[in-house]
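2 protein chains.
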Amino acid sequence: MRLLVAILSILLWSSAGAQVLPSWNDGGAKQGIVEFVKAVTETGGKDYVPPVERIAVFDNDGTLWSEQPVYFQLAFMLEQVKAAAPKHPEWKDNPAFKALMARDKTELMKMSHKPVLALIGVANSGMTVEAYDKSIRDWLATARHPRFNRPYTDLVFQPMQELLAYLRESGFKTFIVSGGSVEFMRPWAEQAYGIPAEQIIGSQQEVKFEMKAGKPVLTRGAKFAFVDDGPGKPVGIYRSIGRRPIAAFGNSDGDLQMLQVTAAGPGRSLVLIVHHDDAEREFAYDRQSHVGKLDKAWDEAKARNWIVVSMKSDWKKIFSFDK
Amino acid sequence: MRLLVAILSILLWSSAGAQVLPSWNDGGAKQGIVEFVKAVTETGGKDYVPPVERIAVFDNDGTLWSEQPVYFQLAFMLEQVKAAAPKHPEWKDNPAFKALMARDKTELMKMSHKPVLALIGVANSGMTVEAYDKSIRDWLATARHPRFNRPYTDLVFQPMQELLAYLRESGFKTFIVSGGSVEFMRPWAEQAYGIPAEQIIGSQQEVKFEMKAGKPVLTRGAKFAFVDDGPGKPVGIYRSIGRRPIAAFGNSDGDLQMLQVTAAGPGRSLVLIVHHDDAEREFAYDRQSHVGKLDKAWDEAKARNWIVVSMKSDWKKIFSFDK
Numbered sequence: 001m002r003l004l005v006a007i008l009s010i011l012l013w014s015s016a017g018a019q020v021l022p023s024w025n026d027g028g029a030k031q032g033i034v035e036f037v038k039a040v041t042e043t044g045g046k047d048y049v050p051p052v053e054r055i056a057v058f059d060n061d062g063t064l065w066s067e068q069p070v071y072f073q074l075a076f077m078l079e080q081v082k083a084a085a086p087k088h089p090e091w092k093d094n095p096a097f098k099a100l101m102a103r104d105k106t107e108l109m110k111m112s113h114k115p116v117l118a119l120i121g122v123a124n125s126g127m128t129v130e131a132y133d134k135s136i137r138d139w140l141a142t143a144r145h146p147r148f149n150r151p152y153t154d155l156v157f158q159p160m161q162e163l164l165a166y167l168r169e170s171g172f173k174t175f176i177v178s179g180g181s182v183e184f185m186r187p188w189a190e191q192a193y194g195i196p197a198e199q200i201i202g203s204q205q206e207v208k209f210e211m212k213a214g215k216p217v218l219t220r221g222a223k224f225a226f227v228d229d230g231p232g233k234p235v236g237i238y239r240s241i242g243r244r245p246i247a248a249f250g251n252s253d254g255d256l257q258m259l260q261v262t263a264a265g266p267g268r269s270l271v272l273i274v275h276h277d278d279a280e281r282e283f284a285y286d287r288q289s290h291v292g293k294l295d296k297a298w299d300e301a302k303a304r305n306w307i308v309v310s311m312k313s314d315w316k317k318i319f320s321f322d323k
Numbered sequence: 001m002r003l004l005v006a007i008l009s010i011l012l013w014s015s016a017g018a019q020v021l022p023s024w025n026d027g028g029a030k031q032g033i034v035e036f037v038k039a040v041t042e043t044g045g046k047d048y049v050p051p052v053e054r055i056a057v058f059d060n061d062g063t064l065w066s067e068q069p070v071y072f073q074l075a076f077m078l079e080q081v082k083a084a085a086p087k088h089p090e091w092k093d094n095p096a097f098k099a100l101m102a103r104d105k106t107e108l109m110k111m112s113h114k115p116v117l118a119l120i121g122v123a124n125s126g127m128t129v130e131a132y133d134k135s136i137r138d139w140l141a142t143a144r145h146p147r148f149n150r151p152y153t154d155l156v157f158q159p160m161q162e163l164l165a166y167l168r169e170s171g172f173k174t175f176i177v178s179g180g181s182v183e184f185m186r187p188w189a190e191q192a193y194g195i196p197a198e199q200i201i202g203s204q205q206e207v208k209f210e211m212k213a214g215k216p217v218l219t220r221g222a223k224f225a226f227v228d229d230g231p232g233k234p235v236g237i238y239r240s241i242g243r244r245p246i247a248a249f250g251n252s253d254g255d256l257q258m259l260q261v262t263a264a265g266p267g268r269s270l271v272l273i274v275h276h277d278d279a280e281r282e283f284a285y286d287r288q289s290h291v292g293k294l295d296k297a298w299d300e301a302k303a304r305n306w307i308v309v310s311m312k313s314d315w316k317k318i319f320s321f322d323k
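So the protein lines, in turn, are chains U and W.
The numbering of the first sequence is this note's numbering, which starts it at 1 and goes up by one.
The numbering of the second sequence is this note's numbering, which starts it at 1 and goes up by one.
Hints in this document: simulated from the structure, not taken from any laboratory.
You may find that some hints are simply not true.
In this list, chains with the same sequence are indistinguishable; a pair is considered to hold if it fits within one copy or across any two.
What the hints assert, rightly or not - Here are the simulated SDA-like pairs of lysine to any residue, each with C-alpha atoms no more than 25 Å apart in a straight line: (1) Lys-212 / Val-227; (2) Lys-173 / Leu-21; (3) Lys-114 / Val-207; (4) Lys-215 / Leu-140; (5) Lys-46 / Gly-221.
Excised from the complex, chain U in its bound form (with noise of 0.2 Å):
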């Protein structure tokens, strides 16, 4: 088993200078990925990363997959809201509740995150951690997608998947850090990315122990303990990882602090910047989005030399299902 594992990693190895990044036109955001590859693994080189610092991490919405016309977990708790309703006669008066359910984004935008995320931790308070878990598997699992009239799920980029495979076999660990829910990742995020629930940061809700009838149960709370956005995703990374990483992937402003902190790094750093231009095939959207909006994130890579990708012209292919 060992040895067929080792015979089939050799043989994939030695096939790799042809299959890298097969999705990935060349140019010059392949080119810079692969040479900062190359640069960090190399035995001796002076660039060279010993694979136990080799961490990289991944922004998801936007980034690894669609985030228009909504953040996609937004639409499933418009869901739970929607479905707590009955139970809580006073949200009639409030204001984000109703706002959302008149899916009145101009209402929306105009009032803080804060009223929006209340009565999202209020909505799902109460529930078991099993049966919050089941309740995105079962959303996810029904659910389509507006435009594109598919899972959620199927909207994974396949050039990031690509990219996500090809650090792995070059002795990174590959993490999300992401402004939404562990919880709502961790169904999914395994099978799509080969990224494994504990390599998951995101933002968290309180949860409670407590032993009910001599079971330990967990019970989410109604506020939020942690928001890993914009400064919360260096302080997630911090605490989650402990180590600063290499390698960043993000779309917007909210992954600025991530980018900044990795490119700040010692040695030598990849980071790199999805840019939605391709209304064709999937979205385009950049300084004047509500979602995902990439204006100073973008102004920065320009002054440092980031990488821009442009999702229309370095990508062949962007979901699997694309001809």
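Once you've looked at the hints, dock chain W against the given chain U.
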């Protein structure tokens, strides 16, 4: 390189029968461990668990290394509080500060943990995470255990090091789940236990991200964001691993809830308590101890047939330096 690793693995594997847990005496504890590992790794067996679900969690203080006469991190923190005292004249009337400086155990035990933690938090707040890391490394390099007159990191239990390695060879992923701070374990846990920084779960002080003169900086706050002890341990496991462990190892009542959650899993589980009953080679303490009190968890171990390891009779050696 990969072929070499595979060949070495096979060689190690085939000699494993004779070499498993060499510092463990034959007996119920060793037998219970080996039988469990065989059961969950036997392909096609009724208790088989796929590798990705083979999660093993270990308490640190008193389970993987010693914890007497005081938790080693407390010895470090005492030094830190002492060093910070000149900057905090307001402490001179603080009862926790007075008790700490007088090493007045009776007084310290009378107060709740809160004033002590609050003091410790303030003592290292405002430091960058790099400066804090350095202060830990410096202390570890020079401090000596009062009884053994050796670096604290010499006081790891060799039988547990062997157990960690044995589980990993059997496809387990091993984690530390400690009431101590992650930062205090990260500098040495990889070498001592083979557990990388990102597989250490522990208590966490607040950390804040800022840009200072164009550089990203993480600075420590004074408050605890999370206390990973007692009922906090299953919460820490849920947040960081997101999977119920199938094997858990502890030594005190602070580990009880982690052991309960592991034992309550749907399949076969291994739950083990290390009992400190060897005053000659290490320390002897249990129900009456202020440090590492083993009372409720011991009763539960007996009621539920968890494995209780006698350090005196189950372990040939405790430390690698034992004759």
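- prompt: How would you classify Lys-46 and Gly-221 at a CA-CA limit of 25 Å: within, between, both, or neither?
  reply: neither (49 Å within a copy, 37 Å between copies)
message: Within a copy, between copies, both or neither: which one fits Lys-215 and Leu-140 at a CA-CA cutoff of 25 Å?
response: Neither, since 29 Å and 41 Å both go past 25 Å.
task: Tell me, please, which holds for Lys-114 and Val-207 at an alpha-carbon limit of 25 Å: within, between, both or neither?
output: Intra 19 Å, inter 21 Å, cutoff 25 Å: intra and inter.
- prompt: Should Lys-212 paired with Val-227 be assigned to within, between, both, or neither, using CA atoms and 25 Å as the limit?
  reply: Classified as between; 22 Å across copies, 29 Å inside a copy.
message: Within, between, both or neither: how does the pair Lys-173, Leu-21 come out at a Cα-Cα threshold of 25 Å?
response: within (18 Å within a copy, 29 Å between copies)
Checked against the numbered hints given earlier, the structure breaks hints 4 and 5 and satisfies all the rest.
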